[in-house]
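> Model the full structure from these sequences, guided by the hints.
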Amino acid sequence: MDQPLLALKGIVKTFGPMTAVDSVDLEIRAGRIHALLGENGAGKSTLMNCLFGLLRPDSGSIEIEGVAVEVTSPKKALELGIGMVHQHFKLVPSLTVAQNVALGREPHSGPFVKTKEAEATVERLSREYGLDVDPRSRVRSLSVGAQQRVEILRALAQDVRILVLDEPTAVLTPAETERFFEVIKGFAARGLAVILISHHLSEVRRVADEVTVLRQGRRVAHSAIEEVTNTQLAELIIGRAQPIVSEVERGTPGETRLSIDGLDVRDGRGLEIVHAVSFTVRAGEIVGVLGIAGNGQTEMVEAITGLRRPASGSVVINGIETAGEHTGLVRRAGLGHVPEDRNGRGLAGYWSVQDNISIGYLDTPEVGGRLTSRARMGALARRLMIDFDVRANSPQQQARRLSGGNAQKMVLARELSRKPDVVVCAEPTRGLDIAATAAVRSRLVEARDLGAAVLLVSSEIDEVTQIADRVLVISSGRIVAEFDDHRPTEAEVGRAMLGGHE
Amino acid sequence: MTEPQDSETATAARSFPGLVATARRVVPLGLFQSMVAIVLGIVICFVIMLFATADPLVAFQAFTLGTFRNAYSIGSMIAIASILAVTAFASTVAFRAGAFNIGTEGQLVLGGLTAAIIAEKLPGPGGLVQVIALLGAMAAGALWIAIPTVLRVRYRTNEILTTLMANYIAADLALFLVNQYFRDKGSGAVETPPLDESRWLLQILPPSAANIGVVVALVLAGVLWLWFDRTRAGKRAEVSGLQPAFAEYLGIHSVSYLRNSMLISGALAGLGGGLAILGISHAYIDGFSPQYGFLGITVALIGRLRPVGVLVSALLYASLITGATAMQAVSDVPYSLVFVLQGILILLITSQRIGGRRTA
Ligand SMILES: Nc1ncnc2c1ncn2[C@@H]1O[C@H](COP(=O)(O)OP(=O)(O)OP(=O)(O)O)[C@@H](O)[C@H]1O
Ligand SMILES: [Mg+2]
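These protein sequence lines are chains L and H, in that order. The first sequence begins at 685 in our numbering and counts up one residue at a time. The second sequence begins at -19 in our numbering and counts up one residue at a time.
Since the hints were made in silico from the structure, they are not lab data. Please note that a few of the clues may not be correct.
Stated by the list, open to error - Computed footprint of chain L on chain H, listed as stretches where at least three residues anywhere in the stretch have a Cβ under 8 Å from a Cβ of chain L: (1) 202 to 210; (2) 213 to 225; (3) 229 to 238.
Where a beta carbon is used, it is the ideal one built from N, C-alpha and C, also for glycine.
So this is what it looks like as C-alpha cells:
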C-alpha cells in the first residue's frame, strides 16, 4: 500500500492518574477525509491537540511522509502544514476578524501591517467558502456561530496539507454546513488530508472516506466508511447496542408558566431582530422553537432570560413580569437556563466542576446556610456528576479541562437538577454524543412530566420534532408557523423554516 | 437600571484581557509555581551579585539569612511582614473581584497620614485613640479609591490607569498637607511630631518593632479565608471578577461586588498605612513606606491571592527585605536589589508557564 501522508504511532497522553489517549495509531492518507468518532471524553480532542502541538504526548511518534517529526508547538505544526479548527475557539476577542485570521502572518510592508490587504483576503475567503463574516468587526461582538466561521476561515487561510476539524459544524447553519462540506471535499480532491471530528453520523457518512472510532482513549475500530453501517458505528462508539428510541408520548399541559407577549428585541447595533413574538408555555409541556441559527433565537432567549432588555413586550414567568429585570429576579421567579454560549455564559473555565455546580445552589440549604460547606458542595457535585454522567477525574477538575460534551452535561446538571418551574434551553445537545443526546432529551421529557414548562430552542429538526409537544418555527425574528395539534414531520417544518418570508 | 451596568462591567473587564487573564490564572495555580518563581528570582539575584560585588557569597548570605542573626532583626521582619500582608490583602480583595487596584501605595500613604494626625491631635485613652486612628486610616484609603471606583463602575474607565495616577497625586498631596499644616516645626525633615508612646501599637518583642499589627494581619487572614472559601458572597464576588458574563447569567449583581471590593481594598491599604505609622515609624515621616503598597501587589501574586499563601509570602518577602538591609551593611550591593527582585517575580508570576506543565 502507498505511504500514508501522516501516521500517528502509539500515542499515549495521560493527565495525572487518567489516561486520555492510550497507544492510539492513526494513518491519514492524502486525498481522503478521515472521520474520528467517539463518545464525549473518548480522547478525540486530546489526540488532535497532540498532533497540533498544543499537548506533548507522553510517548509515541508522529510521522509525516514516513519522516518522524516533533510537533512542539502550534507554530511548528503550521510549518509542517498541519492546520486545525478547534472545538473551543482560540480567537482573540479584542481583535477584529481580519486581525484574527491573519494573526502571526500579517501581510506587511516593513513594520506596518497592511490592514486593507488582510481584510481583502478575509473578504475573498469568506465569499469563496460561503462563510459570511465582516472582516472589520471585533470578535468579541460576534455570535458563537460567527466565531465558528472565523475559526474555520483562519484554518483555511493557511497553506496546509493536513486539516484537523474538531466539531467544526456544531454551530453552523445547514446551508453553511453544506457549503463547508463541499469546500473540504474540494480540499481532499486537491490532495489534502482532512481529519473530521463529529457526533453526527449522517454528516460523517456524507463526506468521510474512512472512520476511526475511539473509546476510553483506545482505538476500537478503523475501516472504510462503506464497510460499516450507522448502527454498527453507533454501537462501536458507545460500546453497546444502541437503545431503541421509543416514541415520546405527548405531555398533558396544565396552567401557563411562561408567557411572552409582543416581544420586540434589538441587537447590539440597534437593529430590530425579534418582532412581536408571542407564545405561552404551560406546565407539563415542551414548546420547541425551531429555526436556522441566526434568525433571532439567541436574542429572543436573552430577552426571556433577563440577559438582554427587550425593546418592548412582556415576559411573565410564574405570574411575575420579568421583562427588562435583572437576571437575579428572573432566576428567582423560577427559571432554569441552559445557555447557548456554554463557555462564555454557562461556566467558569477556571473554576472546578464542584464550584460550577454549587454556585447554582448557593441559596439552597443543600450547600448554603450561613456558611457554605465544602463537604456538602463536594457531595452535591459528586451526586450530580453521577446522575448526569459528567465524566471528570474528580469534582476538583477545572471546567476548562473537561471534554466539550462533559462541560455541557455539567451545565445541564446544574440547571435541570434544581427542578425549576420554567426551563429555557438553547441547543442543549450541541456537542453531545449519541448516548448523551438521548439522555438529555429524556431528561427534558422527565422534567416536563414532573410539571416543568420547557422551552426548547434548537436548530436541530429531529431534536424538536422528537420531544416537543408544540413546535413554533422562527424565521427572521418572527414566528412563521405553529404546529400544536400534532408533532410535525421533518418535511413539514423544513418547508416552514425555509419559506419563512411569506 | 442594574442590567445595563452589568453588561458594562463585562465589557470593561474584556477590554484589558491581559490582566484579567493573569488574575484568572493566578488563583488556580498552585503554590509550587510560586516557589519556583521565588527560587528562580533569588538565583537571578545571586547572578547579579556576582557582577556587582567582589564578595558575592557574603552578600548572598546576608540577603537570604541576614534576618535571622538576632531577635531584633527577626522582630523587624515580623513588623514589616504584617504590613506587607495587610497591603497584600488589599490587592487580593480587589484582584479577586477583577478590579486591578494598583493604587494601594497612594491609599496607604494617605491612610498613614490620617492615622498620624488623629493619633497626634485626638485626646483620650491610648487604646481608643489607636482604634479611631486606624479606622480613620481605613476611611482615608477608601476615600482615595472612591473616585477610580465611580469612574470604573459608571463610566468603565480603566481603573489600572486611574489608581496608578492617584498614587502620584497622593504622594504630592501628603507632602503638601504635611508641609503646610502638620509639620513638626522642630525638625528639619518633612515629618509630623513624634507620637506619644501611648499612641504606639503594643510591642510584642521589645525593643524590636514587632507589634500587635501582626494580630491584625492574622485576623484579617482568617476573615478573608472565611469570606472567600465559606461565604456565598465571597463566591459571588469571585465569579464576578473571574467571568462577568457568567456572573450576569447567574443573576449576580456583579457591579455592587466590584464596587464594594474596590472600596474594601482601598480601606485595607489605608489600614496598612495606619499600622505602619502607629506600629513602626511612630510619626508620619516622608518616605515612611518602603513601597509597602507596591510590594504588597507582588506578595499577593506570589501568595496566589489566597490568605494563607499571602501570609507565607509576606514572611518570606519581609525576610528578604530585612536581609537586604543587612546586606547593604556588609557588602556594596545596594538595598534596591529588593526592587529588582520584585520586578523579576512579577514577570515570572504573570508569565503563564513557570514550572507548570504546558497545557492546552
Ligand atoms: N488538560 C487536561 N487535564 C486533565 N484532564 C483532561 C485535560 N484535557 C482533557 N482531559 C480529560 O481527557 C479526557 C478526554 O478529553 P477530550 O477532550 O479529548 O474528549 P473528546 O473525545 O474530545 O470529547 P468531546 O466529544 O466531549 O469533545 C476527558 O475525560 C477529559 O476530562
Ligand atoms: Mg472534544
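> To test your reading of the hints: which numbers does this structure violate?
none
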